[in-house]
Amino acid sequence: MFTRILIANRGEIAVRIIRAARELGIQSVCVFSEADRGAPYLDLADDAVCIGPPSAAQSYLNIPRIISAAEVANVDAIHPGYGFLAENSHFAEVCRSCQIEFIGPSPEAMSLLGDKINCKKLAKANKVPIFPGSPGGIESKEEAVKLAEEIGYPVIIKASAGGGGRGMRIAHNRVALEAGLDAAQQEALAAFGDGTVYLEKFLEKARHVEVQVIGDKHGNAIHLYDRDCSTQRRHQKLIEEAPAPGVDHSKRENLCKSAARLVQSAKYAGAATVEFLMDEEQNFYLLEVNTRVQVEHPISEMITGVDIVKTGILVAAGEKLPYQQKQISMSGHAIECRINAEDPDRNFAPNPGVLSRFDVPGGPGVRVDTHCVAGYRVPPNYDSLIAKLIVHADDRAGAIARMSRALREFRVEGIATTIDLHRRLMAFSSFIKGDVDIHYLERLLRK
Amino acid sequence: MIDRKTIEDLIKMMVEHEIVELDVADGEQSVTIRRAGAFSGPQVTVGPPGVNAPSPLQPQSAAGGSSVEPHKPSGGAEGPFIRSPMVGTFYSRPNPDAEPFVSAGGKVSDSTVVCLIEAMKVFNEIKAECRGTIAEILVNDGDAVEYGQPLFRLK
Chain A
538 MFTRILIANR GEIAVRIIRA ARELGIQSVC VFSEADRGAP YLDLADDAVC IGPPSAAQSY
598 LNIPRIISAA EVANVDAIHP GYGFLAENSH FAEVCRSCQI EFIGPSPEAM SLLGDKINCK
658 KLAKANKVPI FPGSPGGIES KEEAVKLAEE IGYPVIIKAS AGGGGRGMRI AHNRVALEAG
718 LDAAQQEALA AFGDGTVYLE KFLEKARHVE VQVIGDKHGN AIHLYDRDCS TQRRHQKLIE
778 EAPAPGVDHS KRENLCKSAA RLVQSAKYAG AATVEFLMDE EQNFYLLEVN TRVQVEHPIS
838 EMITGVDIVK TGILVAAGEK LPYQQKQISM SGHAIECRIN AEDPDRNFAP NPGVLSRFDV
898 PGGPGVRVDT HCVAGYRVPP NYDSLIAKLI VHADDRAGAI ARMSRALREF RVEGIATTID
958 LHRRLMAFSS FIKGDVDIHY LERLLRK
Chain B
132 MIDRKTIEDL IKMMVEHEIV ELDVADGEQS VTIRRAGAFS GPQVTVGPPG VNAPSPLQPQ
192 SAAGGSSVEP HKPSGGAEGP FIRSPMVGTF YSRPNPDAEP FVSAGGKVSD STVVCLIEAM
252 KVFNEIKAEC RGTIAEILVN DGDAVEYGQP LFRLK
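So the sequence lines, in the order shown, correspond to chains A and B. The first sequence begins at 538 in this note's numbering and counts up one residue at a time. The second sequence begins at 132 in this note's numbering and counts up one residue at a time.
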């Protein structure tokens with residue numbers, strides 16, 4: 538087991554990792570940039586090392602500085618958290634060559650599942666449902682047109698190396714397809730240095746359903762059931778819930794098992810999330826695999842009782858998964874609201890500043906994952922997530938009631954936050970009915 | 132007085148009585164010893180930092196005491212300082228047999244090499260990038276240093 542680990546991240550996920558390490562009797566050393574100097578959460582770690590100025594490129598994304606910190610702090614392993622270097626296979630490779638364990642998948646497994654085209658191939662081999670579409674990159678317009686006719690319009694053109702909505706074009710007909718191919722290829726080349734694009738069926742009304750999986754270094758992988766993350770704005774999730782509401786039991790079991798098979802076949806150790814879109818007939822289509830622990834992991838923890846971060850550390854240290862699939866069951870319903878330092882009334886403009894008041898909710902079934910306290914200055918340099926409010930109850934109605942109650946108790950002053958927006962969403966009839974799709978929030982906000 | 136013998140005796144006592152964490156203070160000195168797990172050795176941190184502040188990290192075993200404080204100039208004295216531009220291990224000499232790059236009273240200009248900082252097996256020459264006279268060297272050979280840490284105080 539590790540004696541000491543370095544946390545190459547900040548904010549709430551750093552706190553989450555410190556907590557898991559503490560419970561495992563492992564010391565934690567947290568890196569920080571000048572913008573995070575003096576942050577109270579750093580006192581929770583056993584030690585903290587300043588690695589650079591505020592800019593992420595010179596601190597949290599700076600591999601030499603992070604490795605140096607790991608060496609001088611004499612750690613056994615580095616936990617990358619999420620974002621930053623978490624899905625950077627080069628960083629994982631550097632750790633390995635410096636004989637520091639990377640708490641996550643091997644560079645090979647990460648590359649295999651992280652590349653959309655390779656992942657699709659592996660998915661097909663493991664009977665994971667994928668979008669009807671091109672098996673690989675599109676070679677010619679003729680090929681694209683033929684395929685689109687087979688799949689049926691509308692189709693979506695996506696960059697193989699891409700993400701975040703760039704290098705994507707939707708086409709409802711042949712003309713749009715041909716124009717869209719050129720545009721998408723150029724955008725992909727400019728944004729990612731790789732103009733390879735592929736084609737998929739596009740769903741007009743879909744829900745985002747993802748499966749949490751954890752693998753170990755002994756060839757085992759288990760799933761921790763699914764989550765629904767359809768409440769999104771500009772591809773950023775705001776609300777997540779577990780399990781996905783209204784999904785047939787047998788469809789859920791098949792989906793989750795196939796996701797675990799996929800991760801297992803890639804010889805992947807650590808936490809991974811297999812993301813799907815679900816159409817109105819509960820057909821699932823693979824979107825991509827996220828080769829890291831995710832922001833919304835707590836809701837899966839609440840319904841299964843498994844500590845995902847602790848388990849990730851244990852498997853990185855070479856231990857077998859402490860659970861067999863048959864021991865995993867779901868209980869109740871969990872919801873997470875991401876509380877961001879953003880002003881929804883000003884187009885979600887980021888709102889850094891000092892928290893003059895920060896009263897977090899409590900009581901039964903309420904969990905708050907945060908690095909913030911009253912008096913803390915939210916820096917302007919990084920993402921705007923200040924807290925995750927998570928509730929768990931016996932059923933979905935109970936969870937919504939509990940979340941509404943907890944949001945009322947959550948008093949933040951000094952900066953604008955998305956708390957009020959979440960309160961309104963908990964009262965929104967379509968959300969309450971579970972009748973949502975990935976674009977519903979944007980439609981609602983436009984009104 | 133907390134010395135090596137004291138710490139050894141404390142560790143023996145902790146193992147014998149299965150104590151997980153122990154804090155002992157004696158005047159200005161204090162020591163915290165924490166056992167990481169049933170089968171791993173104890174971790175020792177000694178504080179508080181004295182006048183010649185040791186770096187926040189002890190390279191050999193446990194990382195040191197409390198985590199974050201704005202770097203206090205030693206003895207309460209003010210700058211200007213030459214601060215570390217990187218994370219690594221500080222060396223005051225070009226090699227173990229040579230004279231230190233600079234000493235107290237020495238003058239520096241922009242391009243004067245004042246020390247080496249080793250990071251990932253690469254030794255980086257750190258230049259003063261300022262003019263002045265060294266008043267005090269704030270770290271010791273082999274100390275771990277972090278970004279922004281004061282290395283030299285100038286007059």
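Do not rely on the hints blindly, as some may be mistaken.
If we take Cβ atoms under 7 Å as the criterion, some of the chain B residues that face chain A in the derived model are [to be verified]:
| hint | residue |
| --- | --- |
| 1 | Pro216 |
| 2 | Val218 |
| 3 | Asp272 |
| 4 | Gly273 |
| 5 | Tyr278 |
| 6 | Gly279 |
| 7 | Pro281 |
| 8 | Leu285 |
Which bits of chain A does chain B cover? Going by a derived footprint, with three or more residues having C-beta under 8 Å, they are [unchecked claim]:
| hint | segment |
| --- | --- |
| 9 | 852-864 |
| 10 | 941-951 |
Have a look at the derived ranges for each label pair, beta carbon to beta carbon [said to hold, decoys possible]:
| hint | chain 1 | residue 1 | chain 2 | residue 2 | range |
| --- | --- | --- | --- | --- | --- |
| 11 | B | Glu152 | A | Gln864 | 51 to 61 Å |
| 12 | A | Pro601 | B | Lys258 | 13 to 23 Å |
| 13 | A | Glu946 | B | Arg224 | 39 to 49 Å |
| 14 | A | His755 | B | Asp140 | 39 to 49 Å |
| 15 | B | Val151 | A | Gln862 | 51 to 61 Å |
Note that these hints are calculated values from the structure, not bench results. Computed from a prediction, not measured in an experiment: that's the story for all the values here. Even for Gly, the Cβ is constructed at its ideal location relative to N, Cα and C.
Here is what the structure says about each hint:
no. : hint                              : verdict
1   : Pro216                            : 9 Å, violated
2   : Val218                            : 4 Å, holds
3   : Asp272                            : 14 Å, violated
4   : Gly273                            : 10 Å, violated
5   : Tyr278                            : 5 Å, holds
6   : Gly279                            : 5 Å, holds
7   : Pro281                            : 12 Å, violated
8   : Leu285                            : 21 Å, violated
9   : 852-864                           : violated (count 0)
10  : 941-951                           : violated (count 0)
11  : B:Glu152 <-> A:Gln864: 51 to 61 Å : 33 Å, violated
12  : A:Pro601 <-> B:Lys258: 13 to 23 Å : 18 Å, holds
13  : A:Glu946 <-> B:Arg224: 39 to 49 Å : 60 Å, violated
14  : A:His755 <-> B:Asp140: 39 to 49 Å : 43 Å, holds
15  : B:Val151 <-> A:Gln862: 51 to 61 Å : 35 Å, violated
In this structure, the hints that do not hold are numbers 1, 3, 4, 7, 8, 9, 10, 11, 13, 15, in rising order.
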